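Peer 1: Top line first, the protein sequences correspond to chains A and B.
The numbers in the first sequence follow the numbering used here, run straight up by one, and end at 113.
The numbers in the second sequence follow the numbering used here, run straight up by one, and end at 225.
Incorrect hints may appear among the rest.
[Unchecked claim] Calculated pairs, EDC-like style, for lysine to aspartate or glutamate (alpha carbon to alpha carbon, straight line, at most 16 angstroms):
1. A:K13 x A:E79
2. A:K18 x A:E79
3. B:K155 x B:E196
4. A:K57 x B:E115
5. B:K184 x B:E118
6. A:K3 x A:E101
7. B:K220 x A:D38
8. B:K150 x A:E106
9. B:K150 x B:D172
10. B:K150 x A:E101
11. B:K155 x A:E106
12. A:K3 x A:D26
13. A:K55 x A:E30
14. B:K217 x A:D59
15. A:K55 x A:E69
16. B:K184 x B:E115
17. B:K171 x B:E192
18. A:K71 x A:E30
19. B:K220 x B:D197
20. A:K3 x A:E22
21. B:K155 x A:D38
22. B:K217 x A:D38
23. B:K150 x B:D197
24. B:K181 x B:D140
Don't read these hints as lab results, they were simulated from the structure.
Nothing here was measured: the structure is a model prediction, and the numbers come from that model.
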Amino acid sequence: DVKVTQSSRYLVKRTGEKVFLECVQDMDHENMFWYRQDPGLGLRLIYFSYDVKMKEKGDIPEGYSVSREKKERFSLILESASTNQTSMYLCASSLLQNTGELFFGEGSRLTVL
Amino acid sequence: GENVEQHPSTLSVQEGDSAVIKCTYSDSASNYFPWYKQELGKRPQLIIDIRSNVGEKKDQRIAVTLNKTAKHFSLHITETQPEDSAVYFCANSGAGSYQLTFGKGTKLSVIP
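With the rest of the complex left out, here is chain A (with noise of 0.2 angstroms):
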């Protein structure tokens, strides 16, 4: 099975702070994302990232940045914390582009003050 597993899952934080938001997988997984997910707005896509150190935007990339260091981790970073952060942040990993599963985390809600 696979599994994706985002370090936290409830978050709270104030206005200007830096957020990391970690997540891994343990199924040697090429690809990894970061979406957003807010009531009637579905999931949009922040970031991916289809090789180690690679990294391109998605479609809502503004007041964030990402860091794949290792293929097995992809970080998710709020460089100064807004109000209209808050929000569930989702990260998933595929084995395949374009037409492979997307396994999810169980989700980080994050509350900014």
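Go by the hints and put chain B onto chain A.
Peer 2: The following block gives chain B in isolation, referenced to the frame of chain A:
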């Protein structure tokens, strides 16, 4: 970028009835169309997918149909059961793309 419209946003059906969720897309190069189910408090999981060289695919009580000419695809659930209650997301991607574009989701409620 690609735009995926999903309807309806909410759907209530009686147990045993059928449910249909429809998605339309804009990118004619799209060739992969998955559907994900997200139960309350849980992660989204793939339930069925279809590729552009196939018009219909079935898996027990669920089926997906694709009309490439009209650029829409639909999820059909027959004989609905309370455990089908969840949020369903359609998605698509184009050839050579790593990126799935998701619809906004449909909250399905199956009333016992």
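Peer 1: Would you pick out the hints that fail for this structure and give their numbers low to high?
Peer 2: Structure breaks no hint.
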